[in-house]
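Mind docking chains L and X on chain D? Use the hints.
Each chain, letter by letter, is given below.
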Amino acid sequence: MTRRPKLTTILAVALACGIGGLLLWSLPEASQGGAVAVERVRELVASTGASNAVCSIVVGARLLDTLFEVLVFSVAVLGVRLTLGRGDGGAKEGAIAWSSASIAVSGIAESDVVRRSAYLLFPLVSILGIYLAVFGHVSPGGGFGGGVVLASGFLLVAVSLGAERVSRRFRESVLERIEWSTVAAILVFAGVSWAVQGLPRSGWISPGEPGTLAGSGTLMTYNLLIAVKVFLGSWVIVHLFVEHRGEI
Amino acid sequence: MILLVLLAVLPVVAVFALSRQRPLTGIIAMGVLSFLFAAVYALQGAPDVAVAEAAIGAALVTLIYVLAVRRTGRLVVAASDVPTLFHREGDELVGLEYELLAGFAQEEHLELMVHFASPQEVVDAVRSGDAEVGAGGMLALDREQCVATRAHLETALFAVGGREEETPQWIEEELESLVEQLRDGHQAPVMLDLARFLAIGDTLDADQVRRLPGDNAYRFLIARDRQELHRKLDRYLERLRSSGELDALVRRHVR
Amino acid sequence: MPSTGVIVAMVLLVIGIGTLVIRRDLVFKLLALGLVNSSTILLLLSLDSKRSATAPIVPPSVMENVVDPLPQALVLAAIVINFAILALALVFVMVLAERYHTTDAARIERSVEKETIR
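Chains as they are written, first to last, in my numbering: chain D, 1 to 248; chain L, 1 to 255; chain X, 1 to 118.
Excised from the complex, chain D in its bound form (with noise of 0.2 Å):
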């Protein structure tokens, strides 16, 4: 950062001053009451068998706008794996094999505390990750929560143990096919779902009572689909940066 203010620099903080006085200005209009809200989550609570009234939100009553958002996840996913995965994106031909061993002269060091807690952690996080998905509909969590938490599991294991690890056991053709027919079907499950009840409401696959697991189980079955979808593309994007180390 430069010492001497240029004119972009005042510019830029007259700029910021301004959208944050204008959203200071707007303020008294965008805050909601109290009562709406109770009034919104009963009924949603009701209506959808959930007890996670954003769960019931996200999933049923705006269950086109997570679709949505799975595609543009999905697609944002591809653009990362188009320029990373073919190992070329520009690069120079010919490259040098190295002969000899190479040395990081500052790198990381790889300690035995490290991967003896990453062979004890990795289980329990990804059963932390099943269990927001599962029970995504009754207790914090859902399928984008749970599907994270699941790909920052495998995350520590590929950044402690070596990724090699992990790709031994799933390769990238397969993972990509099981990927895409995930979003095909939370797509035709969705279809499905609007054909027998129309869009909004669910519950016709294990209604019970709200509040417990086997309550509403079309919020689960979506819950499932969507965790499988985030982690899948997450795992996909952690591998190719990991894989590429920075060198496209």
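Derived by calculation from the structure, the hints in this document are not laboratory data. Note that the structure is a prediction, hence the values are computed from the model and not measured. Hints may contain errors.
[Stated by the list, open to error] Under 7 Å between C-beta atoms, here's a sample of chain L residues computed to sit facing chain X:
1. 23
2. 26
3. 68
The C-beta atom is built at its ideal place from N, Cα and C for all residues, glycine as well.
Relative to chain D, chains L and X alone:
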């Protein structure tokens, strides 16, 4: 309340994170900031959002940033193993040129990434741009191939092996294989610089060696499109030379 | 008087947008965008001015002071999408940095100009 404290801390950490000089520090600080954000979300009554933000902001985002920046913050050096100049002893690196480059990298906040290779491979790597700096007793013999910095240490040239009238070629493979070839009676003469010559001097017979006329000097090779790096390295070497530090380093490594 | 969360979120927004313009390093520009993301989410989440007594939205049948679940629902998927798009943006930054050997936005612009002139 905890919420107010967290909210008050947020802008402080944000300004700190975004005003760092090294990207790596800023990235880690932003990871911490995401964690604070997640705590605030949870306290505001949004646990789903908090879980998602914590897992993404603190773990995934930080990781991909670190991986992306790792390369751009590196100085890739291709070096040939020469005992006094650039040498690997077990897990450590020693030598005059190594110390010069390590000091330069530290000043520029770069991470030094060293690949060892034979002299010919070093030249190829710098020429193709795979490595940014070539080190390890490099001489600027062929000016068309690589750009070189100003000399940092003078040296003499020796021709080893072969008969008198053959013109020696610059050494292409690593020192160990050269010693083996000489022992087996390898014919073609090889040109060595002073450091390499001293390194293998006691394995040679006197009649295999003759001193070549003229002087030369060690330089670093720089990839052709790295003008900025070239200028910075030249300036760094010049500064060391004028302050006398270069001589001190030379005296320490080259006895 | 808006709740503290809203004010802090606006302050952070200003910081983020200001940093986005001021700093020349591309990585810091992306970090500032991430900050703008998070602070926007904070703004949306802190908008109930009644300061309901911190009961989240998942009670089984007991409905007390609950927070409005709608902003959270809007924002939940956005976080995950932001991550994917950030990864994509980072890939572009990597490609640029690899090509022009710098992450300085002004320097990259100058190099691109020089190339297109030739």
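Hint check results:
1. 23: At about 4 Å, which falls below the 7 Å cut-off, the nearest Cβ of chain X leaves the hint on residue 23(L) intact, so it holds.
2. 26: Hint on residue 26(L): holds, closest Cβ of chain X at ~6 Å, below 7 Å.
3. 68: Holds - the Cβ of residue 68(L) comes within 7 Å of chain X, reaching about 5 Å at its closest.
The structure is consistent with each of the numbered hints, conforming to all of them.
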